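K.L.:
One letter stands for each residue in the lines below.
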Amino acid sequence: MINEPDTRDLLTEARSVLVDALVPDLSGDQKYQALMIANALGMAIREIEQREQGEPETTDRLLSTFLAERQLSDQSSQGEEALARALRERRLDGGDPQLRAVLKEMTEARLRINNPGYVT
Amino acid sequence: MSVLADTFSDFIVQRFGARSARVIEFDKLSGGAIQDNFGLTLELEGGDRPGRQAFVVRQDAPSGVAESLSRPEEFRVLQAAYGAGVTAPEPLWLCEDPAVSGHIFYVMARASGTASPRKIARGELTEDQRRHLVRRLGAELARLHTVRPPRDSLSFLERPADDDPARSRVTHYRGYLAEIGEPHPVIEWALNWLEDNAPEPGDTVLCHCDFRTGNYMVDGDELTAILDWEFATWSDPCEDLGWLCSRSWRFGNHDREAGGVGFKQDLLASYREVSGADVDPAVVSYWEVMALVRWALIALQQARRHMSGEQRSLELALTGRMVAQMEHDLLNQIPELEEAQ
Numbered sequence: 014m015i016n017e018p019d020t021r022d023l024l025t026e027a028r029s030v031l032v033d034a035l036v037p038d039l040s041g042d043q044k045y046q047a048l049m050i051a052n053a054l055g056m057a058i059r060e061i062e063q064r065e066q067g068e069p070e071t072t073d074r075l076l077s078t079f080l081a082e083r084q085l086s087d088q089s090s091q092g093e094e095a096l097a098r099a100l101r102e103r104r105l106d107g108g109d110p111q112l113r114a115v116l117k118e119m120t121e122a123r124l125r126i127n128n129p130g131y132v133t
Numbered sequence: 396m397s398v399l400a401d402t403f404s405d406f407i408v409q410r411f412g413a414r415s416a417r418v419i420e421f422d423k424l425s426g427g428a429i430q431d432n433f434g435l436t437l438e439l440e441g442g443d444r445p446g447r448q449a450f451v452v453r454q455d456a457p458s459g460v461a462e463s464l465s466r467p468e469e470f471r472v473l474q475a476a477y478g479a480g481v482t483a484p485e486p487l488w489l490c491e492d493p494a495v496s497g498h499i500f501y502v503m504a505r506a507s508g509t510a511s512p513r514k515i516a517r518g519e520l521t522e523d524q525r526r527h528l529v530r531r532l533g534a535e536l537a538r539l540h541t542v543r544p545p546r547d548s549l550s551f552l553e554r555p556a557d558d559d560p561a562r563s564r565v566t567h568y569r570g571y572l573a574e575i576g577e578p579h580p581v582i583e584w585a586l587n588w589l590e591d592n593a594p595e596p597g598d599t600v601l602c603h604c605d606f607r608t609g610n611y612m613v614d615g616d617e618l619t620a621i622l623d624w625e626f627a628t629w630s631d632p633c634e635d636l637g638w639l640c641s642r643s644w645r646f647g648n649h650d651r652e653a654g655g656v657g658f659k660q661d662l663l664a665s666y667r668e669v670s671g672a673d674v675d676p677a678v679v680s681y682w683e684v685m686a687l688v689r690w691a692l693i694a695l696q697q698a699r700r701h702m703s704g705e706q707r708s709l710e711l712a713l714t715g716r717m718v719a720q721m722e723h724d725l726l727n728q729i730p731e732l733e734e735a736q
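Going down the list, the sequences are from chains B and L.
In terms of our numbering, the first sequence has 74 at position 61, counting the first letter as 1, and numbering is strictly consecutive.
In terms of our numbering, the second sequence has 419 at position 24, counting the first letter as 1, and numbering is strictly consecutive.
Keep in mind the hints are simulated off the structure, nothing from the lab.
Check before you lean on any hint, since a few could be wrong.
[What the hints assert, rightly or not] Below 30 Å or equal to it, Euclidean Cα-Cα: the simulated DSBU-like pairs (lysine-lysine) are:
no., chain 1, residue 1, chain 2, residue 2
1, L, Lys423, L, Lys514
2, L, Lys423, L, Lys659
3, L, Lys514, B, Lys44
4, L, Lys423, B, Lys117
5, B, Lys44, L, Lys423
None of these values were measured; they are calculated from a predicted model.
Take the sequences, apply the hints, and build the full model.
P.N.:
What follows is the structure in structure tokens.
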């Protein structure tokens, strides 16, 4: 179904109206609330962009390769669940550089959506 | 509101043995999902403290949080801290009769200044003023930590299992994470690290447990009050030092470990001078890691409150999206500590 302008475009425009036209006239609690809305819209926009670029699949593939190599893949659960359980049950060495690299990539992928400025 | 102002005013008049009081100002103060805070300024005639006095009345809000202390418990903690010489608001009276205002409440003296982290950490204090404030924070904690168990008035505070606050926290936090029920591999990994690297238990003391910029008031460059005592409990002194220094509470001033205001070396030096106790910076760093885990779990719990429909709120929802920041900090800070060992 063609339904244009697309969601990303709508959200981007809505966010810029809020930030550029409305926020400058607000103060106090209303300004705070408007900035929270702008923040939420920004996350939604970045999440759509990342999905378009296939980023979630790349992170998932990295995780499933890591789990498969250590025979921790589990048909009944998602990768993150299997990884969390293996850590809780102490079946992984916390110092393993590959483990740390996977954890870092998963976290950075979320930060690229939630707060890109935080990844330095 | 004015009925409530008169209720509190009458209560204070009676307690001070004043002849009468005029309400100068009464307003609801911000910042309290767990409790309502009211500011009340009175002009008192006669009695123990005649003249203009500013008070804060703190009472339970409709939605309580199980984890935090009740108002009577908080009042007793405040009395213990104030009695130990901590710059806390002077606790005046506790009213446990809900017939008076509809809720249990207590009255304390109102401190001047601001608690805003933006004004304190990001404001215009000079380098000397910042150092002075950080040293003051160290001294305040040293005084608070002279309160030790057992203490009859604080018998409601639970002691950590085996007097081992670190391991006891790890056990509790694993429980919280299991209750939240969503997978968080980084937090699991960090909890394992905290278990494997737990310091030998030291003294168990009264800790504030939310001692950070935003929870103390500053007027000019002077600290006027340490607020928000509802999470206080018996713990390791380094838990308070670590929470203050945690990366989550630096408000953008990342190089200023002590609350985004100043430097850890000044904080610890002052703490040592006043307490006479030696503090191992490595143990403080350990508790900074614990602080990241604790804040991540609180943020997850807050997001759950929104997601479950218990309290729909954009602020709570966005707090849930902050967890990746704490996880990122854990992934950086743990290797840094390992390298330093």
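K.L.:
A separate judgement is required for each hint: does it hold in the structure or not?
P.N.:
Hints and how they fare:
1. Restraint check: the Cα-Cα separation between Lys423 (chain L) and Lys514 (chain L) comes to about 21 Å, which is no more than 30 Å; the hinted pair holds.
2. In summary, the hint linking Lys423 (chain L) to Lys659 (chain L) is not supported, as the alpha carbons are separated by about 35 Å, beyond the 30 Å threshold.
3. Of the supplied pair hints, the one linking Lys514 (chain L) and Lys44 (chain B) holds, its CA atoms being roughly 17 Å apart against a limit of 30 Å.
4. Simply put, Lys423 (chain L) and Lys117 (chain B) have alpha-carbon atoms about 44 Å apart, too far for the 30 Å limit, and the pair is violated.
5. This hinted pair checks out: Lys44 (chain B) and Lys423 (chain L) have alpha carbons roughly 20 Å apart, not beyond 30 Å.
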